[in-house]
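Colleague: Chains as they are written, first to last, in numbering that gives the first Met the number 0: chain A, 0 to 572; chain B, 0 to 572; chain C, 0 to 283; chain D, 0 to 283.
A hint or two may mislead.
[To be verified] Derived Cβ-Cβ restraints for the label pairs, each shown as a range: (1) B:Gly12 with C:Lys180: 54 to 60 Å; (2) A:Val379 with C:Gly237: 51 to 57 Å; (3) A:Asn57 with C:Gly9: 28 to 34 Å; (4) D:Gly135 with A:Asp236: 35 to 41 Å; (5) B:Gln16 with A:Gly383: 41 to 47 Å.
[Unchecked claim] If the Cβ cut is set under 10 Å, some of the chain D residues that face chain A in the computed set are: (6) Gln7; (7) Val31; (8) Leu33; (9) Pro37; (10) Lys51; (11) Pro70; (12) Tyr209; (13) Arg239; (14) Ile240; (15) Gly243.
No lab work stands behind these hints, which were simulated from the structure alone. Glycine residues also receive a C-beta, built at the ideal position from the N, C-alpha and C atoms.
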Amino acid sequence: MVEFNFRVGGEAGQGIQTIGYILAKTLARGNMHVHASQDYESRIRGGHNFFHIRVSENPVYGTSEKVDLLIALNRETVDLHTKALTEKGVAVFDGEKTKIEKRDPSQFDVPFERLAVETSGNKIFANTVATGAALSLVKYDFDILSEVLTEIFRAKSKQVAEDNVKAAEAGYRYTEENFKGEVACELKPVEGPRRILINGNEAVALGAMAAGCKFMSGYPMTPSTGILQYMMNKSSDFNLVVEQAEDEIAALNMAIGASFTGVRAMTATSGGGFSLMVEAFSLAGMTETPVVVVLGQRPGPSTGFPTRTEQGELEFVIHTSHGEFARAILAPRDAEDAFYLMNKAFNIAERYQIPVVVLTDEYLADSYWTVDRFDFSKIVIDRGELLSEEEASKIKDYVRHKFTESGVSPRALPGYPGVLVVTDSDEHTEDGHITESAEIRVKMVQKRVWKTKGLEKEMVPLSYGPEKAGTVFLGWGSTYGAIREAVDLLNEEGFEVRMLHFNALWPFPTDAVIDALKGSEKRVMIESNATSQLARVLRAETGIQMTNKILRYDGRPITSNYIIQAFKMEVRA
Amino acid sequence: MVEFNFRVGGEAGQGIQTIGYILAKTLARGNMHVHASQDYESRIRGGHNFFHIRVSENPVYGTSEKVDLLIALNRETVDLHTKALTEKGVAVFDGEKTKIEKRDPSQFDVPFERLAVETSGNKIFANTVATGAALSLVKYDFDILSEVLTEIFRAKSKQVAEDNVKAAEAGYRYTEENFKGEVACELKPVEGPRRILINGNEAVALGAMAAGCKFMSGYPMTPSTGILQYMMNKSSDFNLVVEQAEDEIAALNMAIGASFTGVRAMTATSGGGFSLMVEAFSLAGMTETPVVVVLGQRPGPSTGFPTRTEQGELEFVIHTSHGEFARAILAPRDAEDAFYLMNKAFNIAERYQIPVVVLTDEYLADSYWTVDRFDFSKIVIDRGELLSEEEASKIKDYVRHKFTESGVSPRALPGYPGVLVVTDSDEHTEDGHITESAEIRVKMVQKRVWKTKGLEKEMVPLSYGPEKAGTVFLGWGSTYGAIREAVDLLNEEGFEVRMLHFNALWPFPTDAVIDALKGSEKRVMIESNATSQLARVLRAETGIQMTNKILRYDGRPITSNYIIQAFKMEVRA
Amino acid sequence: MVTLKDYQGGETAWCPGCGNFGILTAVKKALVELEISPHEVLMVSGIGQAGKLPHYMKCNLFNGLHGRTLPVATAAKLANHRLHVFAVGGDGDGYGEGGNHLIHTIRRNIGVKYLVHNNQIYGLTKGQASPTSDLGFVTKSTPRGVVSTPLNPIALALALGASFVARSFSGDVPHLVQMIKEAVNHRGFALIDILQPCVIFNHLNTFSWYRERVYKLGEGDYDATDGLAAFKKAQEWGERIPIGVFYKEERPALEELFPAIEDVPLVKQKIESRQFEKLIEEFM
Amino acid sequence: MVTLKDYQGGETAWCPGCGNFGILTAVKKALVELEISPHEVLMVSGIGQAGKLPHYMKCNLFNGLHGRTLPVATAAKLANHRLHVFAVGGDGDGYGEGGNHLIHTIRRNIGVKYLVHNNQIYGLTKGQASPTSDLGFVTKSTPRGVVSTPLNPIALALALGASFVARSFSGDVPHLVQMIKEAVNHRGFALIDILQPCVIFNHLNTFSWYRERVYKLGEGDYDATDGLAAFKKAQEWGERIPIGVFYKEERPALEELFPAIEDVPLVKQKIESRQFEKLIEEFM
Ligand SMILES: Cc1ncc(C[n+]2csc(CCOP(=O)(O)OP(=O)(O)O)c2C)c(N)n1
Ligand SMILES: Cc1ncc(C[n+]2csc(CCOP(=O)(O)OP(=O)(O)O)c2C)c(N)n1
Ligand code: SF4
Ligand code: SF4
Ligand SMILES: [Mg+2]
Ligand SMILES: [Mg+2]
């Protein structure tokens with residue numbers, strides 16, 4: 000078994016996400032590698048959504064266009080996705096509810112609703128019937144499904160859990176008995192470590208919490224709302240203060256206020272919300288207050304495509320806000336990377352006393368990966384030049400913005416006896432009070448702009464693939480999985496391709512990039528945007544120009560297949 | 000007479016601006032070329048401010064560090080500026096009020112207050128006495144001063160005007176009688192056309208009005224408040240609607256609302272205010288609503304140096320807002336350029352249906368230039384694809400965002416019978432309604448990103464100086480005067496230097512720049528910022544790297560002298 | 000003659016049973032009864048379920064940003080005061096993100112009619128607390144229940160000296176039609192806070208919850224010109240919820256106060272650059 | 000013992016005679032009388048003349064953005080609720096640019112004490128109308144006089160259910176000291192709107208204008224626990240202007256409602272990454 004792709008489709012409100020998640024979790028429980036992504040519209044009911052699950056014994060890094068098993072909760076799903084079915088692909092649906100004229104062998108009709116009513120007394124269990132049917136088609140171990148269902152629905156009540164198991168079983172048995180066709184392959188649990196199944200937002204939230212973030216303020220906005228909600232839900236049990244702000248302006252100003260007072264603080268939003276935070280971002284720069292902003296990109300401009308994906312904000316965040324000051328920009332590759340990068344983000348923020356942007360996107364936020372259990376021993380909290388009460392009390396005439404060789408000033412906190420912490424959004428002297436002095440201005444600008452010197456050495460891009468390959472695929476953030484797979488597949492086909500991938504973009508690692516691109520003949524920038532932003536940044540910083548670009552900006556994620564096709568059509572040609 | 004420099008200094012609230020303006024106006028009335036700049040603090044009373052006037056028979060393009068005549072309204076002014084006095088420089092002050100121990104020949108004591116009380120009965124006329132004294136020192140025609148004073152104060156009352164003239168005369172006569180020293184030169188009116196004396200803000204406002212801007216919404220913020228206030232003051236007489244918004248978010252959203260409804264509309268702010276407009280800027284991009292935003296730069300980040308100057312927002316505005324869409328960026332060189340560029344800004348905004356940023360700065364906003372009377376016959380109103388009621392009524396099924404070859408869609412206005420104008424900040428179909436379609440998305444992105452194609456040809460930088468010179472000084476916006484003068488002076492000294500100067504920066508004129516920089520050996524970027532933003536933009540767009548940079552970021556304007564010194568120390572070395 | 004057909008729009012993306020449908024019906028009805036044609040109407044809407052309303056009818060539409068309807072609508076009215084300008088948005092949009100504009104738009108008394116679909120929840124983002132969510136209400140963003148005092152839009156508007164303040168209920172279409180008509184006929188700014196059940200995310204303030212509680216002002220001896228009485232009435236929320244016009248006052252609308260547009264709407268005025276030539280004298 | 004000397008700051012940049020001086024004196028006096036040490040105080044101030052106040056005394060200071068004091072102060076209080084957190088700003092800052100935060104901060108009832116220097120003008124930007132400028136007042140931005148209804152901060156706060164609403168006058172330092180002390184001792188959010196003459200740009204609402212008009216609440220039979228009476232009183236402006244506590248109500252402050260900080264201030268809590276390891280089970 001190389002891989003198998005499930006897709007669950009239907010209207011918003013039909014419970015697609017639940018079926019999909021249960022399927023993914025059940026497969027992950029069999030120690031397989033799972034990746035799941037979501038395609039949904041900005042509405043609560045109706046329209047067309049789908050949930051795509053890719054599963055394999057080998058690692059899967061991204062999503063796919065292929066479908067081996069389609070679970071169609073409505074007619075439209077059959078219409079839209081049948082063409083994506085692989086040779087042995089099967090579409091399963093409730094023929095009593097979903098009228099489909101042409102019956103071809105790829106279509107398998109299971110009376111989801113009827114079985115639900117018959118076994119569990121309520122048609123709301125129809126989706127669970129479908130789940131059972133789907134796993135039966137690939138001959139997956141029913142006990143695992145039963146275990147997962149029980150776990151998930153136990154929270155509601157024992158009865159609900161039991162009813163779900165019964166419904167699943169009905170679907171499973173019905174399929175065993177009635178399905179006469181063939182599916183691409185069977186799936187069974189494999190030996191190996193049990194992995195966690197987690198999406199980008201959850202990984203970001205958990206990463207932030209593990210990194211010691213204690214304060215989160217946010218305003219709901221797709222695709223980052225999940226971060227706010229996850230942390231909110233854990234706030235009572237884990238001593239977090241999480242506050243829904245009145246708007247994004249308040250959200251970032253709050254995070255800055257909390258951080259100034261001494262706790263690690265963050266906010267999360269998307270492009271439109273970030274646009275409202277731009278003024279406060281500059282405030283963090285001026286007052287040298289560490290803060291982490293998660294920006295979940297979605298296609299803009301303006302409201303754009305609220306529930307879809309894009310990488311349209313790279314140059315915006317590099318250059319955002321009036322005035323000049325240091326910042327750091329990270330862009331996680333996947334859920335695993337997101338967890339550990341959050342730790343890095345908070346450490347950088349405090350070590351350099353700067354705002355840090357973590358650029359995710361809708362694809363990353365909403366997608367699930369199976370990941371090795373996070374290793375908490377790798378979490379290191381480095382609060383930089385944060386002074387304890389005792390340390391601060393030893394300093395005579397403490398001043399917040401002291402000139403130092405590194406540009407970073409020791410940081411005391413308000414409330415320390417004998418110490419006053421003063422800062423200002425106006426240009427200020429070392430003691431934080433307003434100044435009009437030209438001399439101090441120059442020193443303060445230098446401090447704020449260049450204090451991250453050396454940090455670019457920690458922003459190393461990842462090199463992958465045959466070292467000598469003349470063709471280099473470049474990319475950043477959530478395109479990692481797709482590019483990596485494309486590199487593997489192309490090399491298998493005999494092409495010589497390697498990858499240079501960034502999860503840390505600013506300060507830009509100029510030397511490392513120049514070095515990594517030595518000897519390259521074709522340099523192909525792969526981005527989910529229309530203007531190839533990293534290509535422009537890279538040229539500005541290194542002078543090196545791309546020879547080709549593979550771009551996607553229809554709101555859908557880049558896949559390995561998309562890259563390979565574009566490569567063959569345009570780059571190789 | 001090559002040139003003569005006056006400087007008036009004192010505390011905020013002492014009326015320095017008034018003396019300065021009257022002096023400048025009186026000199027301009029003598030058909031001389033005048034440039035005046037201001038240095039002031041963010042406070043209403045106290046501190047130290049000065050007003051610098053440079054006057055010459057030949058054009059003067061920028062400010063200067065030299066002082067030939069210092070009018071000191073307090074002791075501090077003498078202390079701070081005496082070292083700037085030229086060889087024959089004179090400081091005039093009121094010795095009865097301002098205690099100065101060391102009396103050297105450069106110091107001339109005029110009892111401003113006493114003469115004011117004696118002649119006009121009130122010490123508030125002391126400043127006018129000082130003005131008279133100053134002009135007497137250079138033997139300037141008193142009648143012109145008398146004329147200007149009368150014009151200015153007549154508005155208050157005939158009595159006030161007369162009292163001012165009497166006070167000025169007292170100062171003038173006292174000086175004639177008592178001054179025994181020498182000044183650098185005498186000043187007298189010259190033949191030639193009478194020019195206007197106007198500052199950057201006034202030129203922007205007047206330019207906007209002449210360009211047909213009928214709606215202005217703003218929130219006060221230095222250095223752009225003057226634009227709001229000027230237009231507000233003229234609104235009743237010239238049928239403008241000018242509204243003070245509750246915040247900058249409202250200000251830009253209002254301008255967009257007015258423009259959507261069909262009137263040319265603008266807002267003006269500085270960096271901090273612009274940061275709050277970023278979200279709405281993206282809205283203008285998405286809804287293809289023309290709008291002009293004047294961004295008067297001041298040193299950031301954050302509140303920064305509210306009353307000082309910088310060019311820190313170039314990359315910010317090029318890359319601002321989430322998502323990708325076309326915009327244009329202009330940066331006037333001086334007051335004259337500002338007037339005409341506002342016309343260009345409004346035309347571009349409507350021709351391409353995009354937001355346009357006009358980047359000024361505090362130095363430009365607050366500085367005065369003598370300028371040839373504006374030529375209104377050069378003002379051309381080009382509203383692009385704006386449909387009249389009649390034109391629109393002929394279109395069957397009018398849609399606002401029609402795909403066209405140019406990317407620009409004919410624009411109808413709400414209220415046209417039989418036509419509905421629909422637009423959306425969400426991704427939309429041609430008819431302006433929300434869509435989730437990948438195909439339409441791609442076409443709409445292409446439309447919004449590339450509709451300005453060809454516009455870069457209108458963004459030609461200005462070449463100045465000996466064509467063959469291997470050294471090129473590059474700069475943008477308000478540094479024009481200083482760079483131009485530096486080029487002239489260096490060529491006079493035997494250096495071979497030319498200038499490439501931008502008043503239009505985006506879309507970037509890549510070909511023109513590559514062309515203009517052919518054969519250059521040294522490329523020196525001159526900017527009022529710390530990171531040399533245009534250098535990075537230029538490299539990103541052309542691959543060409545600067546060999547040297549001359550930067551200033553202490554909040555004070557770049558002068559020709561500053562450039563020449565840096566050139567000799569760093570570039571030539 | 001204007002008919003409902005003129006206002007017939009395309010497919011909706013709301014959930015079946017949503018309270019928004021009643022508002023859509025009422026808006027169309029009111030406009031028809033007022034004999035206003037679609038091209039004379041400009042709706043400025045925000046982001047949220049409510050903000051989609053104008054897409055589902057026919058009229059000029061600027062569907063702008065979450066929370067920013069009012070500045071756009073204000074300027075549109077000033078640019079062409081012959082248009083009937085409406086602002087349409089949700090409670091999150093208008094009372095959360097857009098709170099500052101609400102305050103200052105009320106102060107301006109601009110002739111914009113503001114319809115707030117108040118479902119006491121963030122609908123489009125799937126169920127977080129809104130500024131009007133009731134105390135204790137458990138939502139996705141308030142697992143321990145709402146603790147902030149709910150925003151009382153009626154009291155707020157009254158405190159700011161609003162000239163027209165009303166509440167209606169999307170379950171009572173005739174009443175809402177009446178309110179909209181009165182608002183349109185009012186001089187200046189009109190706020191209509193519309194109780195709108197969200198059948199998906201708000202299981203507290205449901206159709207029946209509202210229906211059991213609402214009663215109409217103005218059927219007894221209520222005097223809608225007495226500001227203090229209105230403020231007192233505005234405090235009623237819980238067992239009984241008054242709907243109707245709380246307060247109404249006649250005074251000039253902002254668009255009447257600009258000399259520039261006394262005669263001709265701004266958008267109809269010619270651009271005459273040369274008229275500014277006379278200003279040059281000031282700089283000579 | 001805390002003395003005035005402990006609060007002695009550097010040189011001021013205000014105009015001679017400015018009403019801000021009285022506020023500075025009162026703030027220092029109140030803190031001394033409350034025996035609060037400078038290091039226990041955090042002032043979050045905005046941009047404007049008012050926002051400079053904390054620079055002229057000694058305390059912890061975050062001088063942030065124009066209009067954005069309240070979110071910063073709110074979060075600071077949540078991060079360390081043992082601090083005495085004040086927000087300080089002008090009328091433009093707090094009622095103009097920052098209006099939305101005021102609304103929602105009042106709803107939260109966070110234990111922040113908010114001092115608004117209300118000079119009915121934009122001082123630092125040299126004299127434009129502010130939201131509280133009186134009708135008809137001619138300023139640099141209102142050559143035809145103010146036409147928008149002035150914002151009544153007292154009425155606004157009451158409408159939003161504020162738990163402590165007061166007005167004072169910078170010309171009556173003892174009164175202001177008293178108000179600040181009551182505010183500090185109050186549980187939750189306290190708004191003190193302070194009438195503050197701007198001697199340069201506001202020649203209408205001068206020291207003597209205010210002095211002739213202000214009178215003290217609470218010297219008669221005024222009941223500061225009756226919201227409706229307070230709202231009625233809040234309408235008084237013109238011939239007579241009441242100062243004092245308009246309304247006061249005891250209820251939990253926001254910082255009391257977070258389980259996370261019931262015992263120990265957030266900033267004093269250890270960072271323990273490993274505690275989250277148990278959450279991993281949810282993803283297995
Ligand atoms: C600046 C900004 N922040 C957040 C969002 C995300 N968002 C879209 S709708 C919405 C809330 C919707 O609630 P409400 O305004 O009450 O409208 P409803 O959907 O309930 O009708 C939010 C937060 C956005 N579009 N823009
Ligand atoms: C976002 C932003 N907009 C505008 C300004 C410019 N600004 C500085 S102070 C001020 C107004 C001051 O008025 P107020 O808040 O009443 O304070 P006052 O000076 O009267 O005490 C303004 C508009 C700014 N600093 N930031
Ligand atoms: S989520 Fe609620 S408000 Fe939105 S359409 Fe559905 S029922 Fe209506
Ligand atoms: S301008 Fe007004 S408020 Fe500002 S310091 Fe001067 S008197 Fe005070
Ligand atoms: Mg809502
Ligand atoms: Mg003020």
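Colleague: Give a verdict on every hint.
Modeller: Comparing the hints with the structure gives:
1. B:Gly12 with C:Lys180: 54 to 60 Å: holds, 56 Å
2. A:Val379 with C:Gly237: 51 to 57 Å: holds, 53 Å
3. A:Asn57 with C:Gly9: 28 to 34 Å: violated, 47 Å
4. D:Gly135 with A:Asp236: 35 to 41 Å: Violated, since glycine 135 (chain D) and aspartate 236 (chain A) (Cβ atoms, about 58 Å apart) do not stay within the stated range.
5. B:Gln16 with A:Gly383: 41 to 47 Å: Check passed, 46 Å falls within 41 to 47 Å.
6. Gln7: Where the cut-off is 10 Å and the nearest Cβ of chain A is about 13 Å from glutamine 7 (chain D), the hint is violated.
7. Val31: violated, 16 Å
8. Leu33: violated, 16 Å
9. Pro37: holds, 6 Å
10. Lys51: holds, 7 Å
11. Pro70: holds, 4 Å
12. Tyr209: violated, 29 Å
13. Arg239: Constraint on arginine 239 (chain D) not satisfied, violated at 35 Å.
14. Ile240: violated, 30 Å
15. Gly243: The hint is violated - glycine 243 (chain D) has no Cβ within 10 Å of chain A, the shortest such distance being about 29 Å.
Violated hints, in rising order: 3, 4, 6, 7, 8, 12, 13, 14 and 15; the structure is consistent with all others.
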